[in-house]
Amino acid sequence: MDADERGMSLLPDDPRSEPLRPHAAYKSSRLREPTQAPIKVAPTPLDLSGPSAVGTALEGGMVADLTCLRGGVAAGQRVIVAGRVLDENKRAVAGALVELWQANAAGRYAHLGDQWDAPLDPHFDGVGRVITDASGHYRFVTVRPGAYPWGNHVNAWRPAHIHFSVLGQTIGARLVTQMYFPDDPLIELDPIANAIPMPWRQRMVARLDMTLTQPDWALGYAFDIVLRGHHATPMEPA
Amino acid sequence: MHDDNQTPALFGQTPWQTVGPFFHYCLPWLGGADRAGQSNHGARPELLVPGQASLPRYRPPVIADGEWLALSGRVLDAAGAPVPDAMLEIWHADAAGNCHSAAGVFARCATTDAGYYHFTTVRPGAVCGDDGSVHAPQIHLGIFARGLMKRLVTRVFFADAPENAGDPLLQSLPAERMATLLAEQGTNGWQLDIVLSGPGETIFLQC
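Here the protein sequences come in this chain order: A and B. Going by the working numbering, the first residue of the first sequence is number 37, and it counts up by one from there. Going by the working numbering, the first residue of the second sequence is number 132, and it counts up by one from there.
Calculated from the structure, these hints are not laboratory results. Cβ atoms here follow ideal geometry from the backbone N, Cα and C, with glycine treated the same way. Honestly, I wouldn't trust all of these hints.
Unchecked claim - Per the computed footprint, the stretches of chain B lying under chain A, defined by three or more beta-carbons under 8 Å from a beta-carbon of chain A, are:
hint, segment
1, 133–140
2, 149–162
3, 168–175
4, 207–217
5, 263–276
6, 295–304
7, 317–330
Okay, chain A solo, but in the shape it has when bound (with noise of 0.2 Å):
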């Protein structure tokens, strides 16, 4: 048994990355977020464990680039979007099951319950999917999503932001977040991204970085994610 499954704990939650709670300007939160707050408990051998190789379960599932689909090009300015996933250690989080959907350039889901009156692309999905390399690196080709209007209050829009699903080493650390594009005026605006208060927010918000980007072809954009990390060995009595 080597250290990564003996005595294993996860280090508490970031406080300043937790979202306010309650946090009422996010209408759909009302009838829906807990009014108690979560008990707090020790961790359990569930908690500190997790699966493995659900990627390699996904038959049909792995989808890097999201922009040639169907014998087509997908619309909008094509993107390339890619960084790690670490721990809190800064360690790699290797094999890690990365998810991501997003809308269309026009801002439009692949999802019968959109009723946003945007055109639907028939060479866009919107939907990506890998596992991460050893040293924890993910890379996506994709479009930048366009803004969109939803019914929070009169005149919401929310900034172009792509979701990201991340099964990592345990489910303690778990995590499912949006990313954010750096040169965004709808960001101020949005409940969701202000659920984070400053200046954490600004961790979902990618760089645009030349290094990624490649000539004639595509912008790129860092994005780090970060899981909950652990420590391998019990905290020694004080």
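Following the hints, position chain B against chain A.
Chain B only, in chain A's frame:
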């Protein structure tokens, strides 16, 4: 330049954000909630634009041993209304109580329009911790939905399990709310409703 994801002084845990309402063409896989591999349970392919966004099929290793069971219920909001756009993830030990990465059981289920979830899996065994603690048969349950900024975490215990009386987590919880974590056996298998908010609110945990 504004601070961003690459600013060294901001390095730390990436914040949670809601899954929103449109995750159905990515997260819930065909058969994702049926570890017996006999159905498409777990996914909502009828919500996808026809001809777009085909869902992958979940084919994890076959579970060889254990007592098969159904676990189902509704997800309800503070008004008692069903939540039709939630997703649940379960993680539990195998029948022998192993929950290391190769032995444990993982599954995902999107709720139906009527707010139902339905898993097919095996009954987990009790787990022995490194410190000698004994954990009653239980299922780690994560709940994701529009309106929830962060996953809610709870547990499902089996009402008939004698190990419940000695479970360190269960016994540390307020007795008057404990029933919100106890699945009961009904005519269609094990049943437990998840109440996100309000009267009868499920106990949610933070570790």
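How the hints compare with the structure:
{"no.": "1", "hint": "133–140", "verdict": "holds (count 6)"}
{"no.": "2", "hint": "149–162", "verdict": "holds (count 11)"}
{"no.": "3", "hint": "168–175", "verdict": "violated (count 0)"}
{"no.": "4", "hint": "207–217", "verdict": "holds (count 6)"}
{"no.": "5", "hint": "263–276", "verdict": "holds (count 6)"}
{"no.": "6", "hint": "295–304", "verdict": "holds (count 4)"}
{"no.": "7", "hint": "317–330", "verdict": "holds (count 3)"}
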